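Line order of the protein sequences matches chains A and B.
Residues 1 to 147 (this note's numbering) make up the first sequence, in order.
Residues 1 to 147 (this note's numbering) make up the second sequence, in order.
Simulated from the structure, these hints should not be mistaken for laboratory data.
Being a predicted model, the structure only gives us computed values, none of them experimental.
Yeah, the Cβ is synthetic: ideal placement off N, Cα and C, and Gly gets one too.
If a hint is listed, it holds; no wrong ones were tucked in.
Derived CB-CB ranges, DEER-like:
hint, chain 1, residue 1, chain 2, residue 2, range
1, B, E132, A, E89, 35 to 41 Å
2, B, K133, A, R49, 30 to 36 Å
3, A, V141, B, G65, 24 to 30 Å
4, A, T23, B, P64, 46 to 52 Å
5, A, W146, B, G44, 30 to 36 Å
Residue-level listing of the chains:
There are 2 protein chains.
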Amino acid sequence: MVDILHKVGIKSPVDEVYAALTTTEGLAGWWTADTEGDGGELGGLLEFRFAAGGFDMRVRELDPGKRVLWEVVGGPDEWIGTQVDWSLEQAGDYTTVLFAHRGWKEPVDFMHHCSTKWAVYLLSLKSLIETEKGAPHPHDVKIDSWD
Amino acid sequence: MVDILHKVGIKSPVDEVYAALTTTEGLAGWWTADTEGDGGELGGLLEFRFAAGGFDMRVRELDPGKRVLWEVVGGPDEWIGTQVDWSLEQAGDYTTVLFAHRGWKEPVDFMHHCSTKWAVYLLSLKSLIETEKGAPHPHDVKIDSWD
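Produce the entire structure from the sequences given, and follow the hints as far as they go.
Below is the structure:
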């Protein structure tokens, strides 16, 4: 098993970051404009769609202002069963976001791609909250010939 | 042991990407403007400096147009002994860059930070080659309260 790990610091109260991870409006503002579902309810299903496909996530943990955990239940084979884990902590003027996409079976090229792409989207999240302007798909930064 | 993995695709011949990883001018154009040493010779030492410190790398493998491997011999404790591994491959109009920073002992917060920061610098490398304008330190994108 191998994991994708990232960290960003967002100049914001932790509640705003938590809202951007648990509301459809928030999620659509930084990851993909085509987001549906209920990220604010334990057991809720989130449906994220992109030009090339998408991901369905089941909300497995919600600890307001502290943690959000999603399990991937639909999408590419490599993603099924993996977990997307968000840990939040207020640190002075910043909210520290520790991000992990855990449980990849193999470090395939697609995992390398997704690691870089997650960084792009985490900076979109930071930008959304700090400047009110995120860069969700289809307005995301392209990193290679895939996306 | 845990690894940081990334991938970018750069619209360029592979030789230009290899040059940006093995010449002082190239490296200074995307990672840190304060770069010294010899990245084009096996066993050569590269000295990368940032406002908060820096990294010394020994060049361990050089396969023109295909691979560059550095071993970290100076810098923060967490980096010492880790390896920075670059694999290049021409794929149509693109050079695919598979990046790995291998051999972290623990998935500490600093590793999460470095993972996101490597993505920022890989996009700087892509930008340098595709647009002739990189964003090396101190002009790099800031991701948190550390840097």
